Amino acid sequence: MPRLTKDETHPVRFTLNGRPVSVRAYPRALLTDALRHEIGATGTHVGCEHGVCGACTVQVDGEPARACLMLARQAEGCEIRTVEGLNNKDALSPLQEAFREHFALQCGFCTAGILMSLDALFSPQPDAEEDAIREALSGHLCRCTGYAPIVQAALAARNRIKGGPIDA
Amino acid sequence: MKDTVSEKLLGQSALRVEDPALLSGRGRYIDDLPVAAGTLALAFVRSPHGHAAIRSVDTAEAAQATGVVAVITGEDVAARTRSMTVGVKADVECWPMAVDRVRYVGEPVAMIVATDRYLAEDAADLVVVDYAMLDAVVEPVAALAADAPVLHTSLGSNLINERRFRYGDPEAEFDAAPHRIGIDVTYPRSACTPIETYGVIASYEPGEDAYDVTSNFQGPFSIHAVVARSLNVPGNRLRLRTPPDSGGSFGIKQGVFPYMILAAIAARIAGAPVKWIEDRLEHLSASVSATNRQTRIEAAVTADGRITALDWDQIEDCGAHLRAPEPATLYRMHGNMTGAYDIPNMAIRNRVVLTNKTPTGLNRGFGGPQIYFALERLMDTIARHLGLDRLEVIRRNLIPAEAFPYRTASGALYDSGDYVAALDRAVEEGGLAELYARRDKARAAGRRYGIGFACVVEPSVSNMGYITTVLTPEERAKAGPKNGAQATSTISIDPLGSVTVKVASVPQGQGHRTVLAQVVADKFGLPIDTVRVLADVDTMRDAWSIASGNYASRFAPAVAGATEIAAARLRDKLAKVAASQLNIAPDDVIFEAGRIGAAGNSDNSLSFARAAATAHWSPGTLPEGVDQTMRETVYWTPPELEAPTAEDGVNSSLCHGFIFDFCGIEIDPETAEPRIDRYVTMHDCGRILHPAMVDGQVRGGFAQAVGAAFLEEYAYGPDGSFRSGTLADYLLPTVMEVPDPVILHHETLSPFTPLGAKGVGEGNCMSTPVCIANAVADALAPEGDAPEIVLPVTAAKLAPLIFGDEPAPQEPVSETKTEDTAGGRKLTGEGRAVVQASREDVWRMLLDPATLDAIIPGSHGVRKVGETRFEADVTLGVGPVRGRYKADIDLSDLDPPNAVTLSGQAVGALGTGGGQGRITLTDTEDGTEIAYRYEAQIGGKVASVGGRLLDGAAKVVIGEFFRALARHCGGGASSGALARLRSLVDRVIKGGRS
Chain B
1 MPRLTKDETH PVRFTLNGRP VSVRAYPRAL LTDALRHEIG ATGTHVGCEH
51 GVCGACTVQV DGEPARACLM LARQAEGCEI RTVEGLNNKD ALSPLQEAFR
101 EHFALQCGFC TAGILMSLDA LFSPQPDAEE DAIREALSGH LCRCTGYAPI
151 VQAALAARNR IKGGPIDA
Chain F
1 MKDTVSEKLL GQSALRVEDP ALLSGRGRYI DDLPVAAGTL ALAFVRSPHG
51 HAAIRSVDTA EAAQATGVVA VITGEDVAAR TRSMTVGVKA DVECWPMAVD
101 RVRYVGEPVA MIVATDRYLA EDAADLVVVD YAMLDAVVEP VAALAADAPV
151 LHTSLGSNLI NERRFRYGDP EAEFDAAPHR IGIDVTYPRS ACTPIETYGV
201 IASYEPGEDA YDVTSNFQGP FSIHAVVARS LNVPGNRLRL RTPPDSGGSF
251 GIKQGVFPYM ILAAIAARIA GAPVKWIEDR LEHLSASVSA TNRQTRIEAA
301 VTADGRITAL DWDQIEDCGA HLRAPEPATL YRMHGNMTGA YDIPNMAIRN
351 RVVLTNKTPT GLNRGFGGPQ IYFALERLMD TIARHLGLDR LEVIRRNLIP
401 AEAFPYRTAS GALYDSGDYV AALDRAVEEG GLAELYARRD KARAAGRRYG
451 IGFACVVEPS VSNMGYITTV LTPEERAKAG PKNGAQATST ISIDPLGSVT
501 VKVASVPQGQ GHRTVLAQVV ADKFGLPIDT VRVLADVDTM RDAWSIASGN
551 YASRFAPAVA GATEIAAARL RDKLAKVAAS QLNIAPDDVI FEAGRIGAAG
601 NSDNSLSFAR AAATAHWSPG TLPEGVDQTM RETVYWTPPE LEAPTAEDGV
651 NSSLCHGFIF DFCGIEIDPE TAEPRIDRYV TMHDCGRILH PAMVDGQVRG
701 GFAQAVGAAF LEEYAYGPDG SFRSGTLADY LLPTVMEVPD PVILHHETLS
751 PFTPLGAKGV GEGNCMSTPV CIANAVADAL APEGDAPEIV LPVTAAKLAP
801 LIFGDEPAPQ EPVSETKTED TAGGRKLTGE GRAVVQASRE DVWRMLLDPA
851 TLDAIIPGSH GVRKVGETRF EADVTLGVGP VRGRYKADID LSDLDPPNAV
901 TLSGQAVGAL GTGGGQGRIT LTDTEDGTEI AYRYEAQIGG KVASVGGRLL
951 DGAAKVVIGE FFRALARHCG GGASSGALAR LRSLVDRVIK GGRS
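Chains B and F, in that order, are what the protein sequence lines are. So that you can map any letter, position 157 of the first sequence is 157 in the UniProt record's numbering, and since no number is skipped, the others follow by simple counting. So that you can map any letter, position 118 of the second sequence is 118 in the UniProt record's numbering, and since no number is skipped, the others follow by simple counting.
Just so you know, not all the hints are guaranteed correct.
Computed beta-carbon distance windows for the label pairs [as the list claims (entries may be wrong)]: (1) D131/B to P782/F: 33 to 43 angstroms; (2) E63/B to T875/F: 27 to 37 angstroms; (3) P11/B to G67/F: 14 to 24 angstroms.
Here chain F is said to cover these stretches of chain B; the calculated rule only asks that three of the stretch's residues, wherever they fall, bring their Cβ under 8 angstroms from a Cβ of chain F [what the hints assert, rightly or not]: (4) 43-49; (5) 118-129; (6) 146-152.
Calculated from the structure, these hints are not laboratory results. Fair warning: this is a prediction, and the values are worked out from it, not measured in the lab. Here a beta-carbon is modelled for each residue, glycine too, at the ideal position from N, C-alpha and C.
Make the full structure from the sequences, and use the hints.
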């Protein structure tokens, strides 16, 4: 990686939801700030900026990661996926649909991160057990729902994704 | 007009209209909104001290920093504003930014306006504030002591308000009753902690002397008046707007208003719009928390467990400033101080005190957790004391069904309920008998298992006059009566016949737009997706009043009710329009499937859109007596919400739901960890408008209550230092800690609200903490007296009650220890090191600035400023937090070349430290042994975010110092202590978080 000067912006190029993007960012700029305020992808939310709440979770090369703990520069050359990439055109994905049907969100602020973690869980593991789902969810804080509807939605989505019965 | 088709959507769990956007990253929260080009970022300099006088604020260096447009101090703010309104009669000022004194950690001291947030925060670190430390007081009872440090000298003490109330004849009942049973209760501080923090965007137009503020404020909009007054402008010069979406509030976002004032002033001074998004440390340390409270409650009780009188003594801790609407937490429940029980006599003494902690404000449950914890722990205690069944004591005291509407001793008018029926159903349907069997089985196997109960009356739709109960009747008469709870709703129909609803309800995720679409679609016989609802507010364009906003669970009873009335009025008008075109009587019109037609004759109808469009396109054809306005605005307020009476009776809320909870809790025999085995919660919230959303409110409130019961506490040191500044310190429950409760409903409609609904959002925050505490008490002590239960109930608190106090270790396990004693978070330690140099050489080095510069870890220079005084500039790090500090070091008790005492104070943007160490030198065979013993205190940001790392970090820094000294003396020398230090260094570095 070339040496960066701290008082100047530098180009950062990565793939965002399948499309190539390029932004100029200071070396210390957080990935969350670059996504939200430079690119305008505001679906990724910032809750604590110290990696605990999970609201900013995105996928970096398929793995869930806290965008608030990453510098924008670290995304160079990566494939980044955010909540904006979950939709199928204007339609909700089976995971999003299950969240809606189970009232698994209220204010929606933590939701983007939760969806990205579950999507990263189900992609390689469409038949994930409830324990694995809870484990994936345990890295997220939600203050509205009490979590039970989120677990129900995740179970329903899993069954739909793997073609099983609609409800768990 | 026939009502044949209404009610079909309401009562169903319709999919939320909010969700497609929220699930796709298209929400519009405050930080997502576009801002004007040239909008600047705002950052705050905040107090690292719980209590200190401000000697000076030096902004020179910050003002010169890259990107900085303005540096603004408390004096700059005070020069352009007025003190914020305080809700009691007291000689005290309340500024949004500290002027000459800081009174809590996190209090704003200065603000920076710069071109971006990073540069603004850089510059904030360059503001130099000279503080003179003052003694702090953090506990409410201690704050009342005659010799306590006084926060506001104009008050003369920390007691800002005291009132006594007397209803019925409590003294006579206490004299006559065979039992007087009382308990003391300490209720701690917690906060609902939304995942989205505060945000404000502000601008100023000098030509009109007008401010435009957008903020994720939640109401009540009575605060609009507070902000306008403080900014010294008429109400129409403060345009206040809210974003379409808000990332949770639970009351907390009411407390953003001091930052609206500050951002508005910053925009004015900077001459450009400014934007501020609070960070998590700012949120935890300096937004608002719920109040902590010290309570003594006593009951006069008959032999069979009937309570005839209550005596309350409450000391409410509102933190450093009494900010509007406080002391509302103390008075919100004033009409409900007898809970669900028929108790005709009551005495209340209420004291409000100020302490060196974050100011308090709205938090879900608002006053309910504090009183019900006391009242329901008392019910539990009464049953134990009298040897009666706990459920039986509750049942004997419940208000009977035939008593409704029921006037409580302190003046509330309970609208409806059948508490005994709801309780009986819960016992049956919730499986209490089975739970008893589980408890018996667990106990038989030697395990600790307890069952708890709690009965709660959940008030909703606050009377805007309740807070005036804090004034004496004479003061109230002078100030003029305050009462009511206006809700507004506007429905309009456009020229294409589509319906738009606008309310000032400012939801933070509760799905208001969906429920209102249901209400209106039902009324007009339209599909739900044809109705569009806006629930954000623009005070310059929308209908609103002081009660507008999202608090006191007022949506379903008040806002949905006002919308129902507005829809009914427009429907009446449309029925007349359609009737004249269909040649039928208005009473024979029905609204169904998008058409308006004759009842019983589906051929004689016209489309809803066509009827509605008539008024726009051809008003001249409207029937006589029907005007052309296709817009209806309703301002609704319930007549039951009267001002407090001359006898201090107050109907503090319009609606009163009922909750009965029970739960089983098991305490782990090895770890003392409490675990919820089963939780049952029965609710009567009147008519249920949307079952899934009601259950969502119950589950959400329950989860927050589980956090308050087991995990969450705002932790302060005795010096006011704040100890829970990250979400790794202030622990919120995750999916692993929150079980799914069994939710039951019993509906008794409210006769006072248009739809029969009551509020439901806050109840479990009131009932669940004490239900859990009662179960823990039962697990710890099945019979007889139970120990005092103080939340949060952690394994660390339960372990000594189960296993006894931990025996002292036989030999010290650590050289360093951390303790919380008067004066702060104190680190003490000792150690020794052997160096290859003579005593004289070591002595000389310790007093030589060049040597000190070389061996102090992170030193950027040491200057000798006096014979025994040095100044050092050092960079120190604790965990992830590194900061630069200026340190003053004094040498005293010099005994050359044998011993010296070093005293130091270090101040930096990240916090403060102070300490004293005694160093003694003794000869050894091949050099000198240096022995040291130190005591250090650490405060400020470092203590808030790095508390868990402090002792390890102190060892590391001190170890580095002596290793460097050894190296400087010729190196190589080591001792057991140094080796231990080294291994500790390695452990801290490799081990990460402990």
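These are the hints, each one checked on the structure:
1. D131/B to P782/F: 33 to 43 angstroms: Holds, at about 34 angstroms.
2. E63/B to T875/F: 27 to 37 angstroms: holds, 34 angstroms
3. P11/B to G67/F: 14 to 24 angstroms: The hinted range 14 to 24 angstroms holds for P11/B and G67/F, with Cβ atoms some 21 angstroms apart.
4. 43-49: holds (count 7)
5. 118-129: With 0 residues in contact (Cβ-Cβ under 8 angstroms with chain F), the coverage given for the region 118-129 of chain B is violated.
6. 146-152: holds (count 6)
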